[in-house]
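Chains as they are written, first to last, in our numbering: chain A, 1 to 251; chain B, 1001 to 1278.
No wet-lab data here; the hints were simulated from the structure. Among these hints, one or two may not hold up.
Unchecked claim - Derived coverage of chain A by chain B (criterion: at least 3 residues anywhere in the stretch with Cβ under 8 angstroms from a Cβ of chain B; other residues may be distant):
#1 44–58
#2 73–86
#3 91–98
#4 107–121
All figures in this text were calculated on a predicted structure; none of them were measured in a lab. We put the CB at the ideal spot given by N, CA and C, even for glycine.
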Amino acid sequence: MDVKIKIDNLRVYFEKNEILKGIKINIAKNMITGFMGPAGSGKSTLISIINRMIDFEDNVKIEGRVLIDDINILDKEINPVSLRRRIGTVFAVPIPLQRSIFENIAYGPRLKGINDKIELFKIVSDSLKKAFLWDEVKDRLDMSATKLSGGQQQRLCLARTLVLKPEIILLDEPCSGLDPISTAKIEEALSELKKEYTIVLVSNNTKQIARISDYSAFFYLGELIEYGTTEKVFTNPSQKKTEDYISGKFG
Amino acid sequence: MRINPKKVNKFIQIMLNVQAFFTVGILIVIVALILVKGIGNINLEFLFSFPEDMGRHGGIYPTIIGTIMLVILSILFATPLGVGTAIFLTEYTKETILTKIIRFGVESLAGIPSILYGLFGFIFFVIKLKMGWSILSGVLTIAIMILPTIIRTSEEAIKAVPKNFRIVSYSLGATKWETVIKVVLPSATPGILTGIMLSVGRAVGETAAVIFTMGSSLRLPTSIMDSGRTMAVHFYILAREGISMEKAYATALVLVLSILLINIVAYYTMNKVVSRFS
Chain A
1 MDVKIKIDNL RVYFEKNEIL KGIKINIAKN MITGFMGPAG SGKSTLISII NRMIDFEDNV
61 KIEGRVLIDD INILDKEINP VSLRRRIGTV FAVPIPLQRS IFENIAYGPR LKGINDKIEL
121 FKIVSDSLKK AFLWDEVKDR LDMSATKLSG GQQQRLCLAR TLVLKPEIIL LDEPCSGLDP
181 ISTAKIEEAL SELKKEYTIV LVSNNTKQIA RISDYSAFFY LGELIEYGTT EKVFTNPSQK
241 KTEDYISGKF G
Chain B
1001 MRINPKKVNK FIQIMLNVQA FFTVGILIVI VALILVKGIG NINLEFLFSF PEDMGRHGGI
1061 YPTIIGTIML VILSILFATP LGVGTAIFLT EYTKETILTK IIRFGVESLA GIPSILYGLF
1121 GFIFFVIKLK MGWSILSGVL TIAIMILPTI IRTSEEAIKA VPKNFRIVSY SLGATKWETV
1181 IKVVLPSATP GILTGIMLSV GRAVGETAAV IFTMGSSLRL PTSIMDSGRT MAVHFYILAR
1241 EGISMEKAYA TALVLVLSIL LINIVAYYTM NKVVSRFS
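Start from the sequences and build out the full structure, keeping to the hints where you can.
Here is the structure:
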């Protein structure tokens, strides 16, 4: 497999607690990799390491390496701001900024210095189409984004990430608060997007992981228990814990 | 015997109503008193002509100009400083002993009687820095005086901005400063404006600190190095020296009406700002 992210013996301590206990995992390029596991398994922490959002937490100690295209992003030389422009993140709760639909999407490009109206309109509409939201909002781009429904807001957040043309998209339980129809739309978008992007999807919903991810990883209490192709993990897991989790015996 | 909760409820409701009416009532009585006593002496000539014979006759034009200069300049001076301090305290530092000291200092400053600010301004700006009794001395003194209010209200407003907005901004590749300017401050604007309005009120109504630093010259100030008199000081002197109670009330009425006007305008613009961002 073509490796995009290589995580090498990653240990994360929060105060005295070891949250991630020596994670080793290779994440494939242009694939969807699903992270699953019960609460407290460390999946979200792993996400926040990859996009360096963990920098905003106090009392954190990190050991090990996270290589993106063979460059260690935990290195002191790496500028987290420019890193985050290469790595898009969609959070569990959709968080539209207090501005119009258009300006929400244009926020990132404007930061990069793109202010030309025609160019902005082009990239904003492109990313809205990719997030399967364009048809629903094309006539009301000036409307406040907070007035959209939850499912629309989450696709707005996806579009806001896509507009920056990131190499990697991290989704941290993006469908946890959404209805089945909105969830289906997001999944449809993701399946389309993996052609261009490397996608990491954290989800509590094992069925969702089974549906759309190519590789699946099962985390438990800060350890990577099982990792492999989704087909293998879901049909023939090597660990008892994985089987119990997938079949719903705990979690 | 147990008291009937329904009766207690009724009683509390009546008491709260009485209290609310009492508060509003006092305000109405004050405004009405000033209105009745002052309205007869207000006309365009009063607003736009110079005072004669210490203010016994004529208008209050220079004091209006003095008030406007003092208020606008001190707000212009204190707002960037205060909002900047608030941003520093909330966004750029972690809670340490240093921020606790700064915060304690700010709170202590807020509790100091204004006459002490006046005294400080007199000793430091007027005498030591040789600025003399001037609008500049007054502006700097008032700016220091209103700084704690602006810092405190801005800090609260900035803290009230949801953490998630910052997280989204950072995740989209914004730096800390870009996040502060584009996301945090716009959301905090209504709260910050409230603090500024409170400060305007204090600056407009201040007498003690102003007399000590800006003086009480009745001439029209032409530069910030001139001494000048504000409406509040004019009112104080007219009433205190028994020069003219009619003119004093008329001045007070102009003062009250302008504060009212400022509040209405600020409220209106604030609503506009809020509706633009939400």
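Evaluated hints:
1. Note: the region 44–58 of chain A has 4 residues with beta-carbon separation from chain B under 8 angstroms; the three-residue rule is met and the coverage holds.
2. Coverage of the region 73–86 of chain A by chain B holds in this model, with 4 residues showing a Cβ closer than 8 angstroms to a Cβ of that chain against a need of three.
3. A count of 5 residues in the region 91–98 of chain A with a Cβ less than 8 angstroms from any Cβ of chain B is obtained; the coverage claim is therefore met, three being the minimum.
4. Using a Cβ-Cβ cut-off of 8 angstroms, 4 residues of the region 107–121 of chain A lie near chain B, which meets the minimum of three, so the contact claim holds.
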